[in-house]
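Residue numbers (this note's numbering), protein chains in the order written: chain D, 1 to 336; chain B, 1 to 336; chain G, 1 to 336; chain A, 1 to 336.
A few of these clues could be false.
One copy or two, it doesn't matter: identical chains are merged, so the pair holds either way.
[Claimed, not checked] Result set (DSS-like, lysine-lysine): computed pairs, CA atoms no more than 27 Å apart in a straight line:
no.: 1; residue 1: K292; residue 2: K208
no.: 2; residue 1: K208; residue 2: K222
no.: 3; residue 1: K134; residue 2: K258
no.: 4; residue 1: K208; residue 2: K3
no.: 5; residue 1: K292; residue 2: K23
no.: 6; residue 1: K40; residue 2: K329
no.: 7; residue 1: K222; residue 2: K143
no.: 8; residue 1: K3; residue 2: K329
no.: 9; residue 1: K234; residue 2: K222
no.: 10; residue 1: K143; residue 2: K65
no.: 11; residue 1: K143; residue 2: K23
no.: 12; residue 1: K222; residue 2: K134
no.: 13; residue 1: K234; residue 2: K143
no.: 14; residue 1: K192; residue 2: K143
For the record, the hints were derived by calculation from the structure and aren't laboratory data.
4 protein chains.
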Amino acid sequence: MEKVNIGLIGAGRIGRLHAMNLKYRVPGTRLFAVADVLEKSAQEIASQLGIPVVTGDYRMLLDNKDIDAVIICSSTDTHAQIITEAAQAGKNIFCEKPIALDIDQIDKALVGVKRAGMKLQIGFNRRFDPSFRKAKDLVKEGKIGSPHIVRITSRDPAPPPIEYIKVSGGIFLDMMIHDFDMIRFLLDDEVKELRAEGSCLVNPEISKYNDVDTALVTLQYKNGAWGTIDNSRKAVYGYDQRIEVFGSEGCIQVGNKKPTEVFWYGAEDTRSDKPLYFFLERYNESYLAEIKHFASCIREDKQPMVDGYDGKMAVIMGYAARESLASRKWVTVAEK
Amino acid sequence: MEKVNIGLIGAGRIGRLHAMNLKYRVPGTRLFAVADVLEKSAQEIASQLGIPVVTGDYRMLLDNKDIDAVIICSSTDTHAQIITEAAQAGKNIFCEKPIALDIDQIDKALVGVKRAGMKLQIGFNRRFDPSFRKAKDLVKEGKIGSPHIVRITSRDPAPPPIEYIKVSGGIFLDMMIHDFDMIRFLLDDEVKELRAEGSCLVNPEISKYNDVDTALVTLQYKNGAWGTIDNSRKAVYGYDQRIEVFGSEGCIQVGNKKPTEVFWYGAEDTRSDKPLYFFLERYNESYLAEIKHFASCIREDKQPMVDGYDGKMAVIMGYAARESLASRKWVTVAEK
Amino acid sequence: MEKVNIGLIGAGRIGRLHAMNLKYRVPGTRLFAVADVLEKSAQEIASQLGIPVVTGDYRMLLDNKDIDAVIICSSTDTHAQIITEAAQAGKNIFCEKPIALDIDQIDKALVGVKRAGMKLQIGFNRRFDPSFRKAKDLVKEGKIGSPHIVRITSRDPAPPPIEYIKVSGGIFLDMMIHDFDMIRFLLDDEVKELRAEGSCLVNPEISKYNDVDTALVTLQYKNGAWGTIDNSRKAVYGYDQRIEVFGSEGCIQVGNKKPTEVFWYGAEDTRSDKPLYFFLERYNESYLAEIKHFASCIREDKQPMVDGYDGKMAVIMGYAARESLASRKWVTVAEK
Amino acid sequence: MEKVNIGLIGAGRIGRLHAMNLKYRVPGTRLFAVADVLEKSAQEIASQLGIPVVTGDYRMLLDNKDIDAVIICSSTDTHAQIITEAAQAGKNIFCEKPIALDIDQIDKALVGVKRAGMKLQIGFNRRFDPSFRKAKDLVKEGKIGSPHIVRITSRDPAPPPIEYIKVSGGIFLDMMIHDFDMIRFLLDDEVKELRAEGSCLVNPEISKYNDVDTALVTLQYKNGAWGTIDNSRKAVYGYDQRIEVFGSEGCIQVGNKKPTEVFWYGAEDTRSDKPLYFFLERYNESYLAEIKHFASCIREDKQPMVDGYDGKMAVIMGYAARESLASRKWVTVAEK
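Please construct the entire structure, taking both the sequences and the accompanying hints into account.
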C-alpha cells in the first residue's frame, strides 16, 4: 500500500497534536486534508504544516476519494454522526473519546461502521503508554498470577473552566472514562458491577452543575477481581497517574514520570521533581503510538486494539457510575 | 517516681515481644511478674528473663501491691474482664487490640477504667511507627492543606491457619481493625459512614466461616474527606503496608520498608529487595515505642495517645463493615 | 529575521539525527541543503526530507548565499578545515565534537572563526540534558554551597568495533571528552591538573591500539574542588550516565533515565527497568535542545553556550589524560 | 558450651554500645566484667547493667579464669599491648579498629595471638551490615561477572573536634580505614597499589595538624580491578555511606538508609528524608551482628570473619595513602 492519506476533522488542541505527529513522526502516512467548522483554524494548521486540502465542511473530506481515513477531533456531540457518515463513505476512522454521550447514538454509529466494514479506533491513548502497556503485558504473561485487586489513581493538575464542566457530561464520562477503559484493558475482563461516590472538595461551584470533583469507584470484574479508582480534578503537584495490579503471585505498580532525574540532598531533606504537570507531556509518547497503531492497522488490515466496543463500554461504565452516585447503590454494568 | 513495676498477663508471641522490650529496652520499667493460664509458658519466659513473680492466675498480679501496671496479652475473650478487674485493683493497663468483640463488654470495661481513674492504652502499635507518625504530623501541620482522600493498603504475607480464622472475628475485626484505627489517627477525624466489599480470592475455605480474605472498604469522614482501605490475607512479596493522604495542597505517601538498600543492575532488569516479610520486623520499632509511651504516661501522669475510646471505635467500624458486607449498603458508624 | 537557512555537511548517523530535528522540530529554521562525500547518502536524506539542494561537495554550500549556517557532522579529520572555510564564507557554524585531534589545527580554526566574526557552537549535547542542566543550575544558585567533590560515571552499553577504536583518538578523546566538558560545565571552573589510569578489562584486543576500555581520572579544579570520572566501554545494563556534585551545604545526584515506571514485586524480589540502552534515546531531548539553542543564537545574535574554547579545552584535557596514563603522574591542564 | 563469659575493657561510647548489645541482645553470652582506667566509668556501666566484676585495671580481667573473652574498646595506643597480654592469658579477643598505628606493634600482637592459639576479631563492623553483606554475596556468587570498578563514598555528618583530629592518626587511618577494609571485603582481593589526594575544604584548621578533611584514593586490585574512595568529614545531609561494584555482567549499588519511608509531594517538589545522621543509628544492626559473630566463633570454634590480618592490612593501606598524599605518587601496598 501507498501512504495512508489522512483527513483531520477538528483543528483544536488535540487535533493539532495529531496533525503534528502525523506530519513529522508517523512514517507511511500523509496528512492530506483538514476540516474545521471554524475554517480559519483549519487554514492556520494547513498553512503551518503544508496540508493541501482545507475546508470548513468535513463532508468535503468524506467525498474526497483520495482520503483513506479520517481522524475525528471535533466536539463530542458531532462524533457519532461523523463516524456514521465516514463509514458510509468508506473511510477508516480514528475518533477521540467518547463516541457520544448517548448510548443509542453510539449503537447507531457502531452499526454503521460494521455494515460498511471499516475500521474504527477510539482515542484511549493511555493503552499505548509504555509503562501501562508493560504492566498489562506482565499481567497477561501471568507474572502476578491471578489478579485480585486493581487500583487506579488519576488526578488532574487543575480543574477545567466551569464552562467546560457544564458540557462535559460529568467527571465519570469526561475524566474517569479513561480509567474505565484502563480497568478493562489491564485484565482483559469486563466489569460486572460498580458503585461510585464523590463530592465537591476542590470547587463547590462544580456541584451546581450536578457534578463532583472528587470521585471514588469500587467495582468487581466478572472473574471476581476487585477494582478501585480515585479521581480528583486538582493535584497541586502535577498530573498523578498511577496504577497497581495485585495478584496471587505478585504486584505491579506504575509510578509517575518526572521531568528530571535530579535528587538534591540538603540539611533539611531530600528533594526531587514532582510528576510531569501537563497531560500532553505525560502522554506524549502514547498519543504518537496510538496514531502509528491506527496507520499500521490500515496498512496491514488489522483490527485496532481499541475499537468501538471499547468506546461504548467505557461510556456505559460512566453512566453506571453516575447512576450509582445518585442511588448510592451497586449498579450492574451491562450492554442494553 | 521509681521504676514502673509491670506485670505481664499472657505469655504468647506478643506477650513475649513486650517482655523482651520491657526487660531490655524500656528504661524506667521493671518486668516484675508474669501470668499465663499455661503456667509453663509463664515459667519459661520468667526464667529466660529473670522475672521474679510467676503465676498461672492473673488475679495474683492484680492483688500484688508492688505492681503498678499490667500488660494484657491474653486471648481476646478475656480482655474486657481483666481490664475491669485490673482497673478496680488500681492498675494502669495496656491491652492488646481488640478490647472485646462485644460492644457492651467494651463499654463495661471502659466504665470500670473511668470509675477507677486508671490509664488504659490499646495496642494499636502502628500509630507509633516513625513513618506513619511523620505522615500524620505533616497532615496536622497543614502541609497538604485539607485532606481529600486517604488510601490505605494493608496486606499480610500469608493467611493465618483456618483454626485461627474461625475465632478471629473476621477480617474486619482481626486485620482491618488496625487500618480503621489508622484512618482515624491520620486525620484526627471520625468516620461518618462506610461500606465494605470482599470475597475469598486467596483461599475459598475461608468462606465456610463466613469470612473473606480480600476486602475493600470505602468511607467518608465527618469532615467530608474520603477514605479507601484494601486488605488481602496474602501478598507473596511480603508485608505490604502503605498509606497515602491526598489533600488540597499536596500528597503524602508512605512506602514499605525493605531489609537492605541493595540495587542490582543486570542485563535483564534492575532488582532490589521486596518489603520486609514479617510484622514483627516491620513494626519492631513501633512495638517498642508504644510500650515506652505507656511507661512514660504512667510516670508523667499523661493520657495515653491511644485510649479506650479509640479501642472501641475501631471495633464499631469493624462491625459496620461486617454489616455492610452483608447488606451491600452504606452503614453509619456511630456509638450506640 | 526570516527562517535560518541551514546546510548540513555529513549525512551519517548524527547528521541524520540533526536533519530530522531541524526538519520537524526546530521552528524558525529551514534545512536547505545537504552535502556528503558519498553523494548517495546526501541524496537519500534529501529525498526523504525534501531538502532542495544536494551535493557531494560541501564547498557548494559555503558558496551558496542563501545559507546562513552549517552543521558539520563529517569525519573528525575534516572539521577544522571546514570550520575555517565556513567562517571565511560568512557562515555560522555548529560542529560535532571534537573540533580536531590536533591543537594547532583547533587554534587555526578558532582564529578563523574569530576573525570572521561568526558564531561557533560545539556539539556537547549533554549540557542541554534537562537533568544535568538542572544540576548545574542548582550548583550555580548556591544550593549546595561550595562544591567539594564532583563524580561522573559514564559507561557505554557496548564497545564500538575495533575498526572504530583504531581511529578514535582513544577513550579520553573519544568518550571521556564528554565528561571533561561536563566537569567544566558543572562548576564553571577550569581544571588545574589531572591524572588518569586505565586498562583493558572489557576487551584485551583494544590494548593493541594503545588504548584502554576502562578509565579513571582524578582531577583538581582551580578553585580547589576535586573531581573523579570513571568510564567503561561496556555496561551490560545499558547506558550509565550519572553525576554527583557534593558541596559544603548539600549534594546533588543525577540518576539514569528508565524506559518505564513499572515496578514488579514478586516472591523473590522487586524488579524494574534498567536504564535506557542507547545514547540517541537517552540524549534525545538534548540533541534537539542544542540545535534549537544554535538557531536562537543566530536569530537573536547571542553567543552559543558551548563555544570553540570549550571545544578546545576538552581536547586539551583528553591529551593531558593520555599523557598521565603513560607517565603515571599528575599533568597540568593548560592552554599552550 | 555454657554461656561465653565476656570482659569489657574500656567503658567509653563504643564500649557502652557493645555492653548494651551483649547484655540484652546476644544470647549465649554473659557480660561478666568491665574494666576502665576511669574506674568510675566502669562502675557506672556495671551498676546500670548488673555486671558482677568491676575494675580499674584490665589485668584483673585477664587473670580471671571465668572470663572466656575480652572486648577491647580502650584507647588505640593500648590495643596492641592488651591484645598480647590477653592472648597470653588465654582469652579470645575482640578489638576495636585499629589494632595500632605502628605496624611493628601490630605484628607483635598478631604473633602473640597466633602463638597462644586464640581467636582475634577486629571491629570492622560494616562487614556485618545487611546491605553491604548482600552486595558482597552477590559479587561472590558471580552475579555481576568479573568486577571492574569499585566505588566507595563515605562521608561523615560533621568533623570531630580538633583535639581528636590531633591524635587520630589522620583521615586515612581514622576514617578511610573502614573503606580500606570494605574494599578488600567486597572483592576478596588485595590492593596492589594506591594513590591518594586530599585537602582541607571543610575546615582549614585541620591542615595545621598535617591532615586533610576531603580525600580521594584511587587503587588497583591485584586481579586488575580498579577502586576509588572518597571521604569528607562533613556532609550536612547526614551520614553518607554508599558503595558500588561494577562488573562485566552488571552493577550493584548500595544506597543510604533513611529514617522513614515518607514522601511528600507539594506544589514545588517532592520531599523525603535525608539519610540517617548518626553512625550508631546507621550501623546499629552491624554492631550487634559483629558481636554475635564473635560469640558464635568462640562457641563453635570458628575463625572470625575479620581477623588480625585484616586489621593489619587496613593500617598498611592507611600508611600507603599517607605516603602517596605526600609524594603525589603511586605507592605499593605490601606487608613488610
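Quiz prompt | Homo-oligomer pair classification [K65, K143; C-alpha up to 27 Å] | solution = The answer is neither: 48 Å in one copy and 60 Å across copies each exceed 27 Å.
Quiz item: Can you tell me if K292 and K23 fall within 27 Å by alpha carbon in one copy, between copies, both or neither?
Solution: both (12 Å within a copy, 19 Å between copies)
Quiz item: Is the C-alpha distance from K192 to K143 at most 27 Å within one copy, between copies, in both cases, or in neither?
Solution: within (24 Å within a copy, 39 Å between copies)
Quiz prompt | Intra/inter-copy verdict for K143 and K23 if alpha-carbon distance must be at most 27 Å | solution = neither (39 Å within a copy, 43 Å between copies)
Quiz item: Checking K3 and K329: alpha-carbon separation at most 27 Å within a copy, between copies, both or neither?
Solution: Neither way: K3 and K329 sit 51 Å apart in one copy and 57 Å across, limit 27 Å.
Exercise. Could you place K134 and K258 in one of the four classes (within, between, both, neither) given a Cα distance threshold of 27 Å?
Key: both (18 Å within a copy, 13 Å between copies)
Practice problem: State whether the alpha carbon distance between K208 and K222 is at most 27 Å within one copy, between copies, both, or neither. | Solution: Answer is between; shortest inter-copy Cα gap is 22 Å, intra-copy 35 Å.
Quiz item: Between copies, within a copy, both or neither: which fits K234 and K143 at Cα up to 27 Å?
Solution: between (34 Å within a copy, 16 Å between copies)
Quiz prompt | Intra/inter-copy verdict for K208 and K3 if alpha-carbon distance must be at most 27 Å | solution = Result: close neither inside a copy nor across copies, 49 Å intra and 50 Å inter.
Quiz item: Are the CA atoms of K222 and K134 at most 27 Å apart within a copy, between copies, both, or neither?
Solution: Within one copy only: 23 Å inside a chain, 40 Å across chains, cut-off 27 Å.
Quiz item: Is the C-alpha distance from K292 to K208 at most 27 Å within one copy, between copies, in both cases, or in neither?
Solution: neither (41 Å within a copy, 47 Å between copies)
Practice problem: Could you place K234 and K222 in one of the four classes (within, between, both, neither) given a Cα distance threshold of 27 Å? | Solution: between (32 Å within a copy, 21 Å between copies)
Consistency note: the structure conflicts with the earlier hints numbered 1, 4, 6, 8, 10 and 11.
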